Amino acid sequence: MMHPWRRRSALRRAADGAIMSIVVLFALFPIVWGLSTSLKPTSDILRLPPVILPSPPSLEHYRTLIETGIGRYVLNSAIVSFFTVALSLMLGTLAGYALARFTFRGKAAVMFVIVAVMSIPLPSLVVPTFTFLALLGLTNSLVGLVLLYTAYQLPITVWILYGYFQTIPTQLENAAMIDGYTRMQALRKVVLPLSGPGLVAAALFVVTFAWNDFVVAVAMNSSDEVRTLPVAIYNYLGFFGREWGPLTAAAMVSIVPIIVVFVVFQRYFLSGMTGGSVKG
Amino acid sequence: MLLRAVVLVPYIIAMLVGSLLLKWIFSTDGGISQMLLGPFGLQDTAILADQRGAMGALIFNALWRDCGFAMILLMAGLKGIPFELYAAAEVDGASAWYRFRRITLPLMRIPIFITLVRLLIHFVNVLTFSLVLTGGGPNNATLTMGLTMYRMGFVDYRIGQANALALMVFLFNLVLIFILLRLFVDRRGIAA
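Top line first, the protein sequences correspond to chains A and B. Position 212, counted from 1, in the first sequence is what the working numbering calls 212; the numbers after and before it change by one each time, with no gaps. Position 171, counted from 1, in the second sequence is what the working numbering calls 171; the numbers after and before it change by one each time, with no gaps.
The set of hints was computed from the structure by calculation and includes no laboratory data. A quick note: this is a predicted structure, and the numbers were derived from the prediction, not measured. Idealized CB from N, CA, C, for every residue including glycine. Heads up, none of these hints are tricks.
Here are the simulated lysine to any residue pairs, SDA-like style, with alpha carbons at most 25 Å apart:
| hint | chain 1 | residue 1 | chain 2 | residue 2 |
| --- | --- | --- | --- | --- |
| 1 | A | K189 | A | R101 |
| 2 | A | K107 | A | N174 |
| 3 | B | K79 | A | V263 |
| 4 | B | K79 | A | F262 |
| 5 | B | K79 | A | I22 |
| 6 | A | K189 | A | P169 |
| 7 | B | K79 | A | V115 |
| 8 | A | K189 | A | T170 |
| 9 | B | K79 | B | V185 |
| 10 | A | K189 | A | A98 |
| 11 | B | K79 | A | R267 |
| 12 | B | K79 | A | Y268 |
| 13 | B | K79 | A | D16 |
| 14 | B | K79 | A | S9 |
So the derived list for chain A, only partly shown, Cβ under 7 Å to chain B, looks like this:
| hint | residue |
| --- | --- |
| 15 | M20 |
| 16 | I258 |
| 17 | Q266 |
For reference, chain A alone in the conformation it holds in the complex (with noise of 0.2 Å):
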């Protein structure tokens, strides 16, 4: 907490300053260590005493990756993503939408249910989904994740987009459906507008969902065509064994585009973690 009417110590101020280095060299230091590695020359990953800094940096590793075909993962990975957040998010922007603006029986009941699946542990939704996409035919296909994933993530963006909406005042819509819009002209070119920050929220939990997933994708897809990026990186641990360059590599592929994601949308991912958790 911060305490305003105090004036802060220059020793309060060095021991803030210390703690958070800490807490800062404790989350990054792995990512950090690991994107050195991925820049070294196989024959310095090895070498002691140990540099943060590779020199010359090496593209080696990285080359590697490419001749084994990580491409067509990170393809797969990035096709998913997008059409399960556009999935999400149409669905989603409907259902929120009519739980902001309507009151209808069973209203209360379809709430409670969407706030108790969202609490359902993933891991031990897992195999009885593969026993239930086996049935239909959908496993080893894009398709299936992309099912799959939004059928995961539509509580949480129900529940942003529904919360974000709460908070855009009826009486716009309103004006606009008197003067000639339907609901749904409404929604579409009166609301959504106005509603950036809430689908960026939601988009930013699906996207993140749908990139990194590994237990989903390695239980329902077995096929090299249809891997997606954390799958393949899991392959390349038994493939790779201990050689960490490309392995290290692997690890920042995946994660250099969410990074950047995260950063530049920082902002929305905060406010959609705590108004989705603490208002549930």
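Following the hints, put chain B in place on chain A, whose structure we already have.
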């Protein structure tokens, strides 16, 4: 604000990748932990090959990834406490510890409850940490329920058994949530 983003970085990257990076840190083939332990005469310790060490590494992994997440949730709760309460208590001569116990803790009941539920459910079920970092070993010392389920279903292809275990794990989660509810929600039914 920057610090908030930094502590969340381990949380937003793929769990699998985070565990991979930590595995490299703990690894015996030139992992940096050997170096750091060297001055204490422990340079030959293979952390992940020792039962206790592997469990420690697993816990470290969980802490590393989820501390930031817990921090953000709790911070949102802290921000909801009116600042005047602290000022008034201080005027009345309440010590820092007393203010914490009598203002912060009671008002943080719901945020703490929510954070606990989310963390507990996550940790009870997670399988990626142990799958990547320790592989459940050595000697099954770090085998978790999630990992057992995964192996049953997708390594041994005993789908029926895995389904049964999944249901049991799910029920176990419900019991945990129920216990937490009982602890945090008083008889009037309002958690406050």
